[in-house]
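Based on the hints, put chain B in the right spot on chain A.
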Amino acid sequence: MDKLIKRRAAIRNLLIIAGGAMVLPACYRNSGKASIALQNLTISEDEENLLAELTETLIPETTTPGAKSLKLHLFVLKMVDDCYTADNQKLFVEGLKGFNDHFSKQAGTSFADASPEKRQEVLKSIQDIKQKDDPVKKFYDITKSKTIQGYLSSKYVMTNIVKYELVPGRYNGYFPA
Amino acid sequence: MANLTIDSVKERTFDVIVIGSGASGGWAAKEFTEKGLKTLVLERGRPVEHVKDYPTTNMFPYEFEHRNEIPRKEQEENPIVNRCYAYHEDTRHFFVKDAEHPYVQEKPFDWIRGYQVGGKSLLWARQTQRWSDFDFEGPARDEFAVDWPIRYKDIAPWYSYVERFAGISGNKDGLAELPDGEFLPAFPLNAAEDHFKNALKAKFPNRYLISARCAHLSKPNQIHFDQGRVQCQNRVLCQRGCPFGGYFSSNASTLPWAQKTGNLTLRPFSVVHSIIYDEGKGKATGVKVIDTNTKEEIDFFARVVFVNASALNTNLILLNSTSNRFPQGLGNDNGLMGKYVAFHNYSATISAEYNGLLEYKTDGRNPAGGGYIPRFRNVFKQETDFLRGYAAAFSARRAESRNSKGVGEELKNSLVKPELGPWQVGSHMMGETIPKENNYVRLDKSQKDAWGVPLISVKVEYDENDRQIRKDYYEQMREMFEAAGFTNIKTRDTDRNPGLDIHEMGGVRMGHDPKTSLLNGWHQLHACKNVFVTDGACMTSTGTQNPTLTYMAFTARAADYAMNEMKKQNL
Chain A
1 MDKLIKRRAA
11 IRNLLIIAGG
21 AMVLPACYRN
31 SGKASIALQN
41 LTISEDEENL
51 LAELTETLIP
61 ETTTPGAKSL
71 KLHLFVLKMV
81 DDCYTADNQK
91 LFVEGLKGFN
101 DHFSKQAGTS
111 FADASPEKRQ
121 EVLKSIQDIK
131 QKDDPVKKFY
141 DITKSKTIQG
151 YLSSKYVMTN
161 IVKYELVPGR
171 YNGYFPA
Chain B
1 MANLTIDSVK
11 ERTFDVIVIG
21 SGASGGWAAK
31 EFTEKGLKTL
41 VLERGRPVEH
51 VKDYPTTNMF
61 PYEFEHRNEI
71 PRKEQEENPI
81 VNRCYAYHED
91 TRHFFVKDAE
101 HPYVQEKPFD
111 WIRGYQVGGK
121 SLLWARQTQR
131 WSDFDFEGPA
141 RDEFAVDWPI
151 RYKDIAPWYS
161 YVERFAGISG
171 NKDGLAELPD
181 GEFLPAFPLN
191 AAEDHFKNAL
201 KAKFPNRYLI
211 SARCAHLSKP
221 NQIHFDQGRV
231 QCQNRVLCQR
241 GCPFGGYFSS
251 NASTLPWAQK
261 TGNLTLRPFS
271 VVHSIIYDEG
281 KGKATGVKVI
291 DTNTKEEIDF
301 FARVVFVNAS
311 ALNTNLILLN
321 STSNRFPQGL
331 GNDNGLMGKY
341 VAFHNYSATI
351 SAEYNGLLEY
361 KTDGRNPAGG
371 GYIPRFRNVF
381 KQETDFLRGY
391 AAAFSARRAE
401 SRNSKGVGEE
411 LKNSLVKPEL
421 GPWQVGSHMM
431 GETIPKENNY
441 VRLDKSQKDA
451 WGVPLISVKV
461 EYDENDRQIR
471 KDYYEQMREM
481 FEAAGFTNIK
491 TRDTDRNPGL
501 DIHEMGGVRM
511 GHDPKTSLLN
521 GWHQLHACKN
531 VFVTDGACMT
541 STGTQNPTLT
551 YMAFTARAAD
561 YAMNEMKKQN
571 L
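First to last, the protein sequences are chains A and B.
Residues 1 to 177, numbered by our numbering, are exactly what the first sequence covers, in order.
Residues 1 to 571, numbered by our numbering, are exactly what the second sequence covers, in order.
Simulated from the structure, these hints should not be mistaken for lab results.
On a predicted model such as this, the values are computed, not experimentally measured, just so you know.
Cβ coordinates follow ideal geometry from the N, Cα and C atoms, glycine included.
Keep in mind that the hints are not guaranteed to be accurate.
[Said to hold, decoys possible] In silico DSSO-like pairs for lysine-lysine, Cα to Cα no more than 30 Å straight-line: (1) B:Lys-73 x A:Lys-68; (2) A:Lys-97 x B:Lys-529; (3) A:Lys-90 x A:Lys-137; (4) B:Lys-417 x A:Lys-137; (5) A:Lys-130 x A:Lys-155; (6) B:Lys-283 x B:Lys-73; (7) A:Lys-130 x B:Lys-417; (8) B:Lys-97 x B:Lys-445.
[Claimed, not checked] Now the in silico label distances, taken between C-beta atoms and shown as ranges: (9) B:Lys-445 x A:Gly-32: 50 to 60 Å; (10) A:Lys-132 x B:Glu-410: 16 to 26 Å; (11) B:Ser-414 x A:Gly-98: 27 to 37 Å; (12) B:Pro-185 x A:Asn-160: 34 to 44 Å; (13) B:Gln-447 x A:Gly-32: 48 to 58 Å; (14) A:Tyr-174 x B:Lys-471: 32 to 42 Å; (15) A:Lys-105 x B:Asp-463: 52 to 62 Å; (16) A:Lys-105 x B:His-93: 33 to 43 Å; (17) A:Gln-39 x B:Val-51: 32 to 42 Å; (18) B:Glu-100 x A:Glu-45: 38 to 48 Å; (19) B:Arg-478 x A:Asn-160: 16 to 26 Å; (20) B:Glu-100 x A:Lys-105: 46 to 56 Å; (21) A:Lys-105 x B:Lys-471: 24 to 34 Å.
Extracted from the complex, chain A is given alone in its bound form:
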């Protein structure tokens, strides 16, 4: 029994996303599929890697962990897969597939080859797209908002930066602002 519990704990630790959510892995990484089991989205390994790069561009590693090491791209996939409507899932996947093309047209180089400055510049131009159902815009918006949510609610941030108190034990309605 003890062994079983330890093994479970080990698996659990391996699968932790952003220090929290647990997801099941797809069986074989060399299948070219996403590294986590998805019910609704079909995402290739390359697309997952692109997503990881995109989230890392949004929240890069500095003196503190960035999106990739917190696995925020997996959090984005998990949330879109489980919590979004079929319409938005479709736009998300379409936008992910069209992202590189859109990026190359704007930047003259692929996302992977672009400098961090160039990446940021193009991402900001995507933010400014007015057309709401533009797939690239929708994909970007969803990715950004879930990356932010995943970051702020990650174990790292919640224990080291913006600390979450499970047991405050107090209430002060006149606390100095």
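Then chain B, alone, in the frame of chain A:
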């Protein structure tokens, strides 16, 4: 969990049977077992043991797979419960899923249920206000329902009795329309809430903002420690179940107390089919149960039956308890059972901003939720075109906003440096609805549930009075907000179905006259005196107060009466 293998009538016989283990059923269990009566508590759902069965209670936000969001598929499969404010990833195990327990909606009605030991007492919002004589005398004065057979003086000592044990926080506010209780210290208002309170005091006679009264142990007494409960830790994660016993639930308080006496038999997985009526004896003799695991039908026997199944299920059980003597349901000689169902109307909200007192913010969390505005319309006299009125919740907080426009390090840095915005203030209406004959529940003639019990059919709607109340709430609150210097005032009609306020009441109402009511002033069925109803089904009118405290006081009072009557051999 004794008595899962029962093979003789003797072993199935108790002094009292209590149907339901929620807030009122738990009180019946406590009262009877404490006085030495062998008590069987029937619960249709699964066991939930205090602390042990609160699986999410100590989880951090990042430990929830979807950060507390319910996945889309599950939302779509459960549209009714999904609309409940408290239904999230951390609490979903305490809510009934739509498809598992169907009912018929003749009109849209969101019926929110918790089928487990402790019932909805695990999930309630814990607001606890007494009624006053303005509420008990209201129907007689306004003629919107039958006269209550009791008055405030009848129930006041029982309010005190349950308040002392449950632990209620509040201030002695000295208001005739909202009597003071036996309070633990109140959770104080914050700076902006106090500002609103003072603005009302200066400009609106008979309108008050008080600290919300709530069932939390702000400063426990010995009686609370004796229950194994300790001080509320301001987690405000109450609906997961509280490991501190910081708020009142059956699971943390009354049921373990009853268990300690040795007189309690708690039987989960027991759907009540009906109450057994013996024509020869002219009284109820027991309860017919379907075991949800085995589908086995089992009869239990007792001298007295307390029906605390929650308002609509109590109606269902009584309507399904037919006999030659009571072909329309137990005690239903006048055919009124299931009618005059009423509810609370929380369909209106108002919000605004306040740019004063920016030198303050709040720290920690307030389990009381903020302030409470007692009903101020038609209290001392009828002064509007509509009947009755509304209470209101009011709270304020400093919102933090994060600049998320940037990309890269700029974004990363701005996310963890939130900016403190102005005070956000908000209120929601808690309106009284008028019990009407055409708001009813009844048994569906053709459909049965998985245990062979007819489905309940609900027809409950808002009416013109409700719309007028809402309009008045918007007008009056706007005026009060403006007087307090609030800006950017926005009203919102939440456009919700009746029922979502989780305060459905009536159907087995109390009254003096067996021709116009089902229960007497002691909660006994007029026509079957050893059956008592002390949950929301007994309500003659609804008041604006949150109802649970009143059910608990009713139950303790009725249990005391029943024990005395049993002693006198009257039951």
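Here is how each hint holds up against the structure:
Between B:Lys-73 and A:Lys-68, the direct Cα distance comes to roughly 28 Å. Compliance with the 30 Å bound is thereby established for this hinted pair. Using a Cα cut-off of 30 Å, the hinted pair A:Lys-97 and B:Lys-529 is violated, with the two alpha carbons roughly 72 Å apart. A threshold of 30 Å between alpha carbons decides the hint, and for A:Lys-90 with A:Lys-137 the separation of about 13 Å falls inside it, so the pair holds. About 26 Å separates the Cα atoms of B:Lys-417 and A:Lys-137, which keeps this hinted pair within 30 Å; it holds.
Using a Cα cut-off of 30 Å, the hinted pair A:Lys-130 and A:Lys-155 is violated, with the two alpha carbons roughly 34 Å apart. Of the supplied pair hints, the one linking B:Lys-283 and B:Lys-73 is violated, its CA atoms being roughly 49 Å apart against a limit of 30 Å. For the proposed pair A:Lys-130 and B:Lys-417, the alpha carbon gap of about 28 Å is at most 30 Å, so the pair holds. The suggested pairing of B:Lys-97 with B:Lys-445 holds, with an alpha-carbon distance near 23 Å, which does not exceed 30 Å.
Between B:Lys-445 and A:Gly-32 the CB atoms are about 58 Å apart, so this pair conforms to the stated range of 50 to 60 Å. Separated by about 25 Å at the C-beta atoms, A:Lys-132 and B:Glu-410 satisfy the suggested range of 16 to 26 Å. For the hinted restraint 27 to 37 Å between B:Ser-414 and A:Gly-98, the CB-CB distance of approximately 29 Å keeps it satisfied. Take B:Pro-185 and A:Asn-160: their Cβ atoms lie about 35 Å apart, and the range 34 to 44 Å holds.
The hinted range of 48 to 58 Å is satisfied by B:Gln-447 and A:Gly-32, whose Cβ atoms lie roughly 50 Å apart. Range check, A:Tyr-174 to B:Lys-471: about 36 Å between beta-carbon atoms, so the 32 to 42 Å window is met. In this structure the hint that A:Lys-105 and B:Asp-463 lie 52 to 62 Å apart at CB holds, the actual value being about 60 Å. In this structure, A:Lys-105 and B:His-93 break the distance hint of 33 to 43 Å, their C-beta atoms being roughly 49 Å apart.
Hint check: A:Gln-39 to B:Val-51, Cβ distance near 34 Å, so the stated range 32 to 42 Å holds. Restraint check, B:Glu-100 to A:Glu-45: a C-beta distance of roughly 40 Å satisfies the suggested window 38 to 48 Å. For the hinted restraint 16 to 26 Å between B:Arg-478 and A:Asn-160, the CB-CB distance of approximately 44 Å leaves it violated. Range check, B:Glu-100 to A:Lys-105: Cβ separation about 52 Å, and the 46 to 56 Å hint holds.
A hinted range of 24 to 34 Å for the beta carbons of A:Lys-105 and B:Lys-471 is inconsistent with their spacing of about 55 Å.
In terms of the numbered hints stated before, the structure departs from hints 2, 5, 6, 16, 19, 21, listed from lowest to highest.
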